[in-house]
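Trainee: In case you want the letters, here they are:
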Amino acid sequence: MLFSSLNFLFVFLPLTLLLFFLVPGKIKQLVLLFTSLIFYAWGEPIYVLLMIFSILFNYIAGLDLSAMAPCRARKIKFIVVVVVNFLILGFFKYAGFFVENLNAILPVEIPNPNLSLPVGISFYTFQTLSYIIDVYWGNVRAQKNIISFAAYVTMFPQLIAGPIVRYSDLQEELDHPRKVSFPAFGEGVAWFLTGLGKKVLLANNIGQTFEAIYALPQDERSMMAAWLGAICYAFQIYFDFSGYSDMAIGLGKMMGFTFPKNFNYPYTAKSITDFWRRWHISLSTWFREYVYIPLGGNRNGTLKHLRNILLVWLLTGFWHGAAWNFIFWGLYYGLLLMIEKYVTGKVLVKLPAVFQHLITLILVLVGWVFFFSESVGVAFTYLKTMFLPTGTIIGSTFVYYLTSNWLPLLIMVLCSCPAFYNVFFNLSKCFGKKAHVARAVGYLLVFAASIAYLVGASYNPFLYFRF
Amino acid sequence: MNQQPTQTKMLNVYTVIEILLLCGLAVFLVLLLRQEPKTEKSIEDLQTPILKELNLDVMQEGADQDVKRVFGLNAEDYDGICYYMPSSEMDVCELLLVKLKDNDQKAAVVSAAQARLDTQKQNFDGYGTNQTALLEDAIIDTAGGCVLYVVAENPQAADDAFHDAL
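So the sequence lines, in the order shown, correspond to chains Y and Z. With my numbering, letter number 463 in the first sequence gets 463, and the count goes up by one each step, no holes. In short: position in the second sequence from 1, add 1000, done, that's my numbering.
Because the hints were derived from the structure by calculation, they are not lab data. Watch out, some of these pointers could steer you wrong.
Unchecked claim - Pair by pair, the computed Cβ-Cβ distance ranges are:
1. Y:Glu187 / Z:Leu1022: 38 to 46 Å
2. Z:Leu1056 / Y:Val48: 35 to 43 Å
3. Z:Asp1077 / Y:Glu187: 38 to 46 Å
4. Y:Pro107 / Z:Met1090: 23 to 31 Å
5. Z:Leu1033 / Y:Val11: 33 to 41 Å
6. Z:Val1013 / Y:Ile52: 17 to 25 Å
7. Y:Tyr421 / Z:Asp1160: 52 to 60 Å
8. Y:Asn426 / Z:Leu1022: 33 to 41 Å
9. Z:Asp1079 / Y:Val48: 26 to 34 Å
10. Z:Asp1077 / Y:Lys341: 47 to 55 Å
11. Y:Ile411 / Z:Asp1079: 31 to 39 Å
Ideal placement from N, C-alpha and C gives every residue a C-beta, glycine not left out.
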């Protein structure tokens, strides 16, 4: 079930909130668990069993590790638990990829399991791993209440597309649930509606333009049309994913949980390093805390630092999908970050800010081409159209798509910058004591427009669903 | 004061539970792998028996652009698509049969079909009694690496034909 579906907005969410606030405090987590399982089972009921296994296994493993004194047996158990988690993720997400590649390079015919990917498996596996690792390191106490632990893993607001909420971030709120105040609930609603607007009004709209441009035969796609397509995709994925994250954060706030911010205006970044401090922050944080720093980070000399960067970005790419283009995308960023760190970084900061933005945005757009292309070959063909003036430069398709999309594009440029939101808040202050009413009217307009769009349109994909 | 953990043995009650859970997982995976092999038949072979169960007077064959417009799906992303759309604004009978390239696509196609059905229900809610009744009986089904969405007088017959054809 998508947050931006009518079923969710008008049936699931109202009923869940009603039930959540009607029951006494101690039962709230049980309600959250129950409704989250229904939410998950909506699409793929069979994979609820896999999630229940993951909950039980990691819950027991957490208790087991916390009951043991530091010793070799404890270390072995920890490794086994981590390996089991990765094997499950690997089996469902990567088995097909490995089988296809083995069949291609070896004289073998291994049957492809061809299983559908359990929705959100990458997110909840990383969350349970954060719990196991932190328990092993002694950073958090093992959760003794299985309902609280299961509620953490299954929590529907962030279950299928993050943010990746580390157990340590939520432990306090799970152990000592707070009463949700009316202002906090209102803040949650505002986050949710902002996210809904981003997803439905912006991402869905521009997504159709991107798909139309991407679907053009190569000889009909001019250089400028290729650039426009990449720009449209950059906006689509940003508003799609950050919109979904905002909705998740909002739902969390409505239920008394504080999820970490996942995006911080990434397209205002002045460097690739800066971009990744602002894009999918929860994933970058996870890799930094559990892979990069344990490997030594930048502390053990240049060569090991380079190795650590490459490894982390290889894994980041692979996390996004079992395909070579994602691996390439990850390595592309690893390489850019290494170059920025050791070669161009000091030069870049001396350039005027506008050039820093421009260079960063171009590099990010190139990255998105690897991300949206179905193969590395297709990506290079697309990039060739973008950078080599071998065919039409402008073309009628570019003119058509630009003239029919200039306003949404302009709105998206504005919505990608913090200044736009500051203007909204400052304008609402003109209403004095009724500023909150003015803001509420603004959010209601976004809600009404989103519903009008959802009722009339059947195009409502969600890009990060497949990860 | 917190009690310090003292256990150092590899085997304890938790380990036994973990092993039992892993056995359960192994059984689950075996059962999962044994279910639903992907059909080897082409989309043309699959659609013929289904179309025999439908009244084609109220439907017309849709092009790839119609699939894109109505469902938001790119025909070239799939092994095959058969789409018969309502022949007029007041008709609701339609058929979408998608042969997936891989099972990862299933959720997106089902979601697109569900969104189409919801939209149609909204469109006819309140005044199109016959249409609403047909939409209420609509079937979205998945089997053999295919997704079927059918709105028809007798959608069950079409669904049965779909399963027989796989």
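Trainee: Now tell me, hint by hint, if it's right for this structure.
Mentor: These are the hints, each one checked on the structure:
1. Y:Glu187 / Z:Leu1022: 38 to 46 Å: 43 Å, holds
2. Z:Leu1056 / Y:Val48: 35 to 43 Å: This hint holds: roughly 40 Å between Cβ atoms.
3. Z:Asp1077 / Y:Glu187: 38 to 46 Å: 40 Å, holds
4. Y:Pro107 / Z:Met1090: 23 to 31 Å: 59 Å, violated
5. Z:Leu1033 / Y:Val11: 33 to 41 Å: 35 Å, holds
6. Z:Val1013 / Y:Ile52: 17 to 25 Å: 20 Å, holds
7. Y:Tyr421 / Z:Asp1160: 52 to 60 Å: 54 Å, holds
8. Y:Asn426 / Z:Leu1022: 33 to 41 Å: 57 Å, violated
9. Z:Asp1079 / Y:Val48: 26 to 34 Å: 28 Å, holds
10. Z:Asp1077 / Y:Lys341: 47 to 55 Å: 38 Å, violated
11. Y:Ile411 / Z:Asp1079: 31 to 39 Å: Holds, at about 38 Å.
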